[in-house]
Amino acid sequence: MGNSLELQGDTFPQLLLQRLKHDAERPAMREKAYGIWQTWTLGELCEESFALAAGLADLGFARNDTLVIIGDNRPRLYGSMIAAQALGGVPVPAYQDSVAEEIQYVVDHAEARFIIAENQEQVDKALEIKEQCPRVAFVIYCDPKGLRKYDPQVVMDIQTVMARGRELLKADPDKVNAEIQKGKSSDTSIILYTSGTTGRPKGVVLSHENLLVTARNTNAFDGITAEEEVLAYLPMAWVGDNVFSFAMGFVAGFCVNCPESTNTVAQDLREIGPTFYFAPPRVFESVLTSVMIRMKDAGRLKRSLFDHFMKVAKKTGVALMDGQSVPAWDRFHYWLGELLVYGPLKNTLGLSRVRVAYTAGEAIGPEIFEFYRSLGINLKQLYGQTEATVFITMQPDGVVRSESVGTPPPGVEVRIEENGEVVYRSPGVFKEYFKNPEATAETKTSDNWVHTGDAGYFDDEGHLRIIDRAKDVGKLNDSSMFAPKFLENKLKFFPEIKEVVTFGDQRDFVTAFINIDLDAVGNWAERNNVAYASYQELAAHPEVYALVQGCIEQVNQSLAQDSHLSSSQIRRFLILHKELDPDDGELTRTRKVRRRIINERYGDLIEALFDGRTNCFVSTEVMFEDGRQGQIEADLEIRDAAVSQEPSRAAA
Amino acid sequence: MTDEQTNETLLEVDAISLSFGGVHALVDVSFDIRKGEVRSIIGPNGAGKSSMLNVINGFYHPQEGTITYQGQARKQMRPHDAAAGGIARTFQNIALFKGMSTLDNIMTGRNTHMSKSLFWQALRIGPAQREEIENREFVEHVIDFLEIQSIRKTPVGRLPYGLQKRVELGRALAAEPTLLLLDEPMAGMNLEEKEDMSRFILETNDEFGTTIALIEHDMGVVMDISDRVVVLDYGRKIAEGTPEEVRANQDVIDAYLGVSHD
Chain A
1 MGNSLELQGD
11 TFPQLLLQRL
21 KHDAERPAMR
31 EKAYGIWQTW
41 TLGELCEESF
51 ALAAGLADLG
61 FARNDTLVII
71 GDNRPRLYGS
81 MIAAQALGGV
91 PVPAYQDSVA
101 EEIQYVVDHA
111 EARFIIAENQ
121 EQVDKALEIK
131 EQCPRVAFVI
141 YCDPKGLRKY
151 DPQVVMDIQT
161 VMARGRELLK
171 ADPDKVNAEI
181 QKGKSSDTSI
191 ILYTSGTTGR
201 PKGVVLSHEN
211 LLVTARNTNA
221 FDGITAEEEV
231 LAYLPMAWVG
241 DNVFSFAMGF
251 VAGFCVNCPE
261 STNTVAQDLR
271 EIGPTFYFAP
281 PRVFESVLTS
291 VMIRMKDAGR
301 LKRSLFDHFM
311 KVAKKTGVAL
321 MDGQSVPAWD
331 RFHYWLGELL
341 VYGPLKNTLG
351 LSRVRVAYTA
361 GEAIGPEIFE
371 FYRSLGINLK
381 QLYGQTEATV
391 FITMQPDGVV
401 RSESVGTPPP
411 GVEVRIEENG
421 EVVYRSPGVF
431 KEYFKNPEAT
441 AETKTSDNWV
451 HTGDAGYFDD
461 EGHLRIIDRA
471 KDVGKLNDSS
481 MFAPKFLENK
491 LKFFPEIKEV
501 VTFGDQRDFV
511 TAFINIDLDA
521 VGNWAERNNV
531 AYASYQELAA
541 HPEVYALVQG
551 CIEQVNQSLA
561 QDSHLSSSQI
571 RRFLILHKEL
581 DPDDGELTRT
591 RKVRRRIINE
601 RYGDLIEALF
611 DGRTNCFVST
621 EVMFEDGRQG
631 QIEADLEIRD
641 AAVSQEPSRA
651 AA
Chain B
1 MTDEQTNETL
11 LEVDAISLSF
21 GGVHALVDVS
31 FDIRKGEVRS
41 IIGPNGAGKS
51 SMLNVINGFY
61 HPQEGTITYQ
71 GQARKQMRPH
81 DAAAGGIART
91 FQNIALFKGM
101 STLDNIMTGR
111 NTHMSKSLFW
121 QALRIGPAQR
131 EEIENREFVE
141 HVIDFLEIQS
151 IRKTPVGRLP
161 YGLQKRVELG
171 RALAAEPTLL
181 LLDEPMAGMN
191 LEEKEDMSRF
201 ILETNDEFGT
211 TIALIEHDMG
221 VVMDISDRVV
231 VLDYGRKIAE
241 GTPEEVRANQ
251 DVIDAYLGVS
261 HD
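Listed in order, the protein sequences are those of chains A and B.
Heads up: the first sequence begins at 1 in the working numbering, then just goes up one per residue.
Heads up: the second sequence begins at 1 in the working numbering, then just goes up one per residue.
Honestly, the hints are just simulated from the structure, not real lab data.
Some hints here could point you the wrong way.
As the list claims (entries may be wrong) - Pairwise CB distance ranges, derived in the manner of DEER restraints:
#	chain 1	residue 1	chain 2	residue 2	range
1	A	225	B	137	31 to 37 Å
2	B	147	A	167	32 to 38 Å
3	B	117	A	296	46 to 52 Å
As the list claims (entries may be wrong) - 35 Å max Cα-Cα, derived DSBU-like pairs, lysine-lysine:
#	chain 1	residue 1	chain 2	residue 2
4	A	32	B	116
5	A	32	B	194
6	A	145	A	130
7	B	98	A	32
8	A	346	B	98
9	A	485	A	471
All residues carry an ideal CB built from backbone N, CA and C; glycine is no exception.
Next up, chain B with everything else stripped away, as it sits in the complex:
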């Protein structure tokens, strides 16, 4: 939780329903994300967590409900509006450019901060070059922040999984996001990698005041780093509150231990 945290709401989803044909991925889900908090979305497999993130950044369009981001209400987000509005994300399955270096991958995250036309960028002279240098400097700070100097020039496809996840976080951070969506950033990691990743997430929140929405399965991590948690099950919100409250909630325990649904 950052010092700047206020009770100001950054994003609010209200009565969101999303279905694919007859499958109801999200049913009447509402919650809010406050400025500067770490908000976790948890739930068993298939609960609709990733769908929720996809709705927030405009990849899926819900049939019902409204999304209010920075005071502006919309029926649905569009991906480029989300990006331009300062929403960045990482993916459950890493989505990097495998053949490109760490540095180039993170540079792509600066895309929204580059304004010069393709023509100038292709020639790499004058203003385009200046812009490139400024952005490179920012990217170097991200690299320093994530302690990945040693793989700066390494093609991402050659990196181990844990480092690829870190590069992906780097690309999201390069966009200087207001809201950072992390989809299972610690899946498949060993304990040390998880601890590193938790540290980076907390530091991002702390140093840059970035608001974070996190999907994670590792309950230890979630309970440690979240300010508030929302729990989904079968597309519905079944609980929400501080980690302690959620941990004690009978519905949550049932969802995780698998009580039969009649």
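Chain A extracted, bound-state conformation:
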């Protein structure tokens, strides 16, 4: 130990006890309340947490008990995590906007006797759950508003519990410390329930070691220090928040800020000006959309300034960010843009001070990604999952691409299986799924390699690219990989294309069904004097075919650049005469393509794509919105798209 900054401690409460010796006065958390940012110093946060721990112990909270936490990001809720951990218990945060039944599964499965709820809304859920789970003994709330009439034997104010704890600590000051010292690094730090698109949620058990080592490694990777400002606004039940706001925050010693309410996040972001920022792609996307809409409403001078300098940014910004050499004139031009456009814009968005920003979770559109990077915001992608304590790969500064997700950070090993599935091993690999040894055995091998279920490959730069769910990936007859969703997403980035279904598994080449986007293509048709009376007529128009063919050929060109995917170029396509529709069972309600149904309904069209016919007659049953059945008939044209030559093969 001594005077080095290397922090000791096998668990978070132990780490905090160490840090208290030097950092007690440092701000650890802030929350905006009553219009003012209220600060908890590390000393205050620990005092409250340990008092709560003593109070909980008095209520019978014991080692290995679970504490379900329901609420928005609040310092007291983070504090209650510390309290549970201090007693050797396990915090189990639940998604605060889930309905009671969903949380009930978590409460029941985690065998929780204690629930901490932020406010009346969550207390009501907790009490509803308690009716079904009689094991629940206590519901503790932070915000007393509206709760005066509840049964005080069951529903308690956190202040009351803390006050009781303080009394006990006065009598026996070492009560909580002694419990903390019993903690081991292999103890469970937290159980996070994955939302799980299929089946029941699984409780991912992470140890203190998982989180502490991951936090140290990540802090080192991006040079995260005690000076960062972070806004904790993503659900506490999500592993990212636990890592970014809790683990990394306590390890590095930076201050974590909790927004005033979910509706004020944008304003709070601006007031805090975080230096380290995470948001899922949809947040970046919606911010960009609102910027574009507001710019369209701006005056002509502002608009032309914006358009001009965004072009400059596109040309120069990314290169500057990657540290490439840029001519002095361009540099000056960009500097001018920073002064007039980028600076004020970043300030409005609250991103002025961002040193490192991450996005993850799904594919981010290349234009969106580049927009932020060209403004000088160091937006990077990472690939991770709860089971890995987030990080599997991250993009190092300077080599950031929109289509790949970076390289494994120090300590993480990544391998590609025979079937294209990404597997990894790291210090963050989870202990197990709680009370679910079968699922654990399915996912994690005995020597700690974890199956992600995602298919991917390392590109020529050595960066991982995730292309699809492993079970959806097939093979072409020349045994190269066929990843339908990857191709479909690439095409769907074009506004004219709404839906795509690609075919190629166990075929010689790849073909596609295209659905045009009526709004975008209709708009294009108006501007180009293309007359049409119906969706069907527009879809069959030769000029529309030419438009779509152009999109496909662009995609083919970019596929040709990549040795793994060049045989996945789309050779033949047709434009469907009707929109794929959940009412007809062709899409799920969340608009995912149902391949089996498509194969059944359009078998003849698919054969026609592969047997060389240039048109094919189709008659489909459709369900109208009022529930009546009808027939749509059409003679669809099938076109060939130009295929780009792979650079290496052309040379050979």
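Guided by the hints, dock chain B onto chain A, whose structure is given.
Using the frame of chain A, we list chain B on its own:
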């Protein structure tokens, strides 16, 4: 109904009659409001409900009858006496300062709690500043209570109708009223907004012990949140009692279903 509710009468109107020329808006109306209760005034259109509120807070002066507020009997209220005595209200048609922010609008509700002279307030120094800070703190609690943090700085004119209603309630609450008069707080709202508003009204009553007089058309809301109801029709009181009693009253049913008046 709050725990502090007693049978003590906060306000009593006795034999009130109000007419505008030949139009009799209120005829011999008497009822009382007890401390800590939610008292609803209902009735068909034109029954005289808003007139009744206007009489209580001194905007209209009745020709006959007495108003006894906090034990003090008067022939008529005067608006500033009503305000100083702790009566606050919201309006059927929102009456906010459209160009001012939510925060500033609610701050105006603190007016009766500010004592420093215009001179000091203009300079914003010394005692006036201290006073401003204290009042701002109170207003922030109101904002927190009504969950309108996200529109704190938004000009009220840009807010949707349901939120404007909430701001208006905020301004009334900022006055720390003893008696809160709400004139159709839920008119034109959707179900969710109504539920929110009902919750705020009940919480106001519950947390601060504020007595509430409520005019409302939505019978579901009235029956759910009122302790006692008084029913007016054509300026006369036709019934009064608990929601259940009123619901069963034949005169009330007739008034609402429209039996011909001979």
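Q | Given hint residue 32(A) paired with residue 98(B) - CA-CA distance at most 35 Å | A | holds, 27 Å
Q. Does residue 130(A) lie within 35 Å of residue 145(A) when you go C-alpha to C-alpha?
A. Satisfied, since the Cα-Cα distance of roughly 21 Å is no more than 35 Å.
Q) Is residue 32(A) within 35 Å of residue 194(B), Cα to Cα? A) Judged against 35 Å, a Cα distance of about 28 Å means the pair holds.
Q.
46 to 52 Å was suggested as the range; check whether the CB atoms of residue 117(B) and residue 296(A) agree with it.
A. holds, 49 Å
Q | Satisfaction of hint between residue 471(A) and residue 485(A), Cα-Cα up to 35 Å | A | holds, 11 Å
Q | Range hint compliance [Cβ, residue 147(B) to residue 167(A), 32 to 38 Å] | A | holds, 34 Å
Q.
Quick check on a hinted range of 31 to 37 Å for residue 225(A) and residue 137(B), using CB atoms only.
A. Cβ of residue 225(A) to Cβ of residue 137(B): about 35 Å, so the range 31 to 37 Å holds.
Q) Going straight from one Cα to the other, do residue 32(A) and residue 116(B) come out at no more than 35 Å? A) Between residue 32(A) and residue 116(B) the Cα gap is close to 30 Å, so the pair holds against 35 Å.
Q. Do the alpha carbons of residue 346(A) and residue 98(B) lie within 35 Å of each other, as the hint requires?
A. At roughly 30 Å apart (the allowed maximum being 35 Å), residue 98(B) and residue 346(A) satisfy the hint.
Consistency note: the structure conflicts with none of the earlier hints.
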